[in-house]
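**Student:** Next come the chains, spelled out residue by residue.
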Amino acid sequence: MTTTENVVEVRDLRKTYGDLAAVDGVSFDIHRGETFALLGPNGAGKSTTIEILEGYRDRTSGEVRVLGVDPQKGGLDWKARLGIVLQSSGESGNVTVAEQLRAFAALYPNPRDVDEVIAAVGLESKAGVLIRKLSGGQRRRVDVAVGIVGRPELLFLDEPTTGFDPEARRSFWQLIRTLQSEGTSILLTTHYLDEAAQLGDRAGIIAGGRMVDLAPIDEIGGADARVPFVRWRENGAVHERRTHAPAAVVTELVARLGGEPEGLEVIRPSLEDVYLDLVGHEHASDLSGEALNETEAAR
Amino acid sequence: MSATTTATRRRESPLARAVRLGGLRIGYEVRAYFRQGDTVFFTFLFPVVMLTIFSVSFSEASFGQTADGDEITAAWFFLPAMLAAGVLLSGLQNLAIDIAVEKSDGTLKRLAGSPLPVMSYFIGKLGQSFVTGLLQAAVLLLLGFTVFQVPLPEDPANWWVFAWVFTLGVLCSAILGIALSAVPRSGKSATAVVIPITLVLQFISGVYLRFSDLPEWLQNVAAVFPLKWMAQGMRSVFLPDELVVLEQNESWDHPGIALALAIWLVAGLILTSLTFRWIRKDS
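If you're matching them up, the sequences are chains A and B in order. Counting from 1 along the first sequence, just add 755 to a position and that's the residue number in our numbering. Counting from 1 along the second sequence, just add 498 to a position and that's the residue number in our numbering.
Don't read these hints as lab results, they were simulated from the structure. These numbers come from a predicted model, not from an experiment. Among the clues, some could well be false.
Mimicking EDC-like on lysine to aspartate or glutamate, the simulated pairs with C-alpha atoms at most 20 Å apart in a straight line are [said to hold, decoys possible]:
#1 K828/A / D767/A
#2 K888/A / E854/A
#3 K686/B / E846/A
#4 K888/A / D603/B
#5 K888/A / D536/B
#6 K881/A / D920/A
#7 K888/A / D920/A
#8 K881/A / E908/A
#9 K828/A / D813/A
Label-pair distances were calculated between CB atoms; the ranges are [claimed, not checked]:
#10 E879/A / R509/B: 18 to 26 Å
#11 E908/A / R509/B: 20 to 28 Å
#12 S782/A / T665/B: 38 to 46 Å
#13 I768/B / E974/A: 52 to 60 Å
#14 S687/B / D868/A: 38 to 46 Å
#15 L757/B / S782/A: 37 to 45 Å
Ideal Cβ placement from N, Cα and C applies to all residues, glycine included.
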């Protein structure tokens, strides 16, 4: 394995609990400076995978290197190069935001300026407030601040924006873009597919402990999955046609129907649509049965 | 941060780093302690409240006389007992609950992912017990001296005994608290697991009840545990020497106190190194 190019290298990773394989042969790399989004439904093995990379869990088999080190043997010097934002935090929070960040900054050889980090997560006005008195979204921003204060080479973000309002998410994205421009490598898990699309360079989709797709964000699912479709209503039924030439289909429709088609839409599948397609149709219950049939027929 | 300090830190030995970070942790832990309402009451002020109750409710009773014929008041008699209880609460009860809660609320998981040495974390906790225990002792002594007119010893030798009994007692009790924090399965059950233990110890070790009134077999049971020895040490400092006749073997037995606390300290260190983990892997 080379270690200069990749900050994370995972080969055939397995984690079993008794007969249950939580992670069942996953392989991927994260390049230096890249943001890699790990996506998948709850229970798919994302958290197990990320916790193995962070050193919190031991793997059953397979090869893992994080910054060139086996996480099961990672020491304090190795931890000093990582930033970890865990999925949830319920700490009692009896210190202020500034005290918490100063305490964590002191652990790292070359930390960021505490005031700058507080400003970057938008908590300047809360710097002197006890963490337990903050709202859930504000506490989450403290978690993110603690994760980046050590100037990590590799940042783990496990569902970082859960509980954020849309405005806070936008400013969080801006913060992540700043980190990206400084060369930080990031492993992101999220339930918000738009977030993955906004921030990620590449994505891996895990379902049932296996990597079902692994590609640059705009190629996930393959070219076919991105084929736009035209949807309209005709005689009370919804029709849908997938096509590389939606304009031609619309023109033809207008000609055939002799006017404006009812309920006309031209839809380019979002990452979310492609994702739902990949992880299985039980998650895609919002598509009507008929539309689904026509989609299938169009393939 | 300037390049020089970075370079200095790089050259720092792991031990020096652990000690320096441990020092920072003490400040952090002490601040957090005093902002937690329930620990301030049940751990910090509890012996103070008990001393007040005992002094007031037994204000008519006599606990013996000194050689000069002075009455030994309830406050005088119970001051050393409450000092010993404070040592137990600040160390064992405080840390056993605190760390069990930190284990279940994710604090330890976050620290496990940071480059904080385990030793620094322990130094922070021991320091928290020591600093808060010392403040607690100061409050108890001040209350006893000013409000209840308990005569304090004038001989520096007594204060030297106080210093080592207190220090050894806090260390021993804090280490045992860290070891005991492995027992509760959740933060919520921590109080229910820990408080009965400390309460029973206080009853059989001569904190709330006069030790000399207990049956001999119970005194011998209590002598297995460290609190009896802490209380005996505190009595030797603050009670008049005539009362030594109420002790087991009619002796303050300072070497025995030092030995018992040292054995428990070593046992606690071994237990801690066997049981303490940042997180339960694969739970």
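**Student:** Run every hint past the structure and note whether it holds.
**Tutor:** Each hint tested on the structure:
no.	hint	in the structure
1	K828/A / D767/A	holds (19 Å)
2	K888/A / E854/A	holds (14 Å)
3	K686/B / E846/A	holds (13 Å)
4	K888/A / D603/B	holds (16 Å)
5	K888/A / D536/B	holds (17 Å)
6	K881/A / D920/A	holds (17 Å)
7	K888/A / D920/A	holds (18 Å)
8	K881/A / E908/A	violated (27 Å)
9	K828/A / D813/A	holds (10 Å)
10	E879/A / R509/B: 18 to 26 Å	violated (35 Å)
11	E908/A / R509/B: 20 to 28 Å	holds (22 Å)
12	S782/A / T665/B: 38 to 46 Å	violated (56 Å)
13	I768/B / E974/A: 52 to 60 Å	holds (57 Å)
14	S687/B / D868/A: 38 to 46 Å	holds (41 Å)
15	L757/B / S782/A: 37 to 45 Å	violated (59 Å)
Taken one by one, the earlier hints fail for this structure at numbers 8, 10, 12, 15, listed in ascending order.
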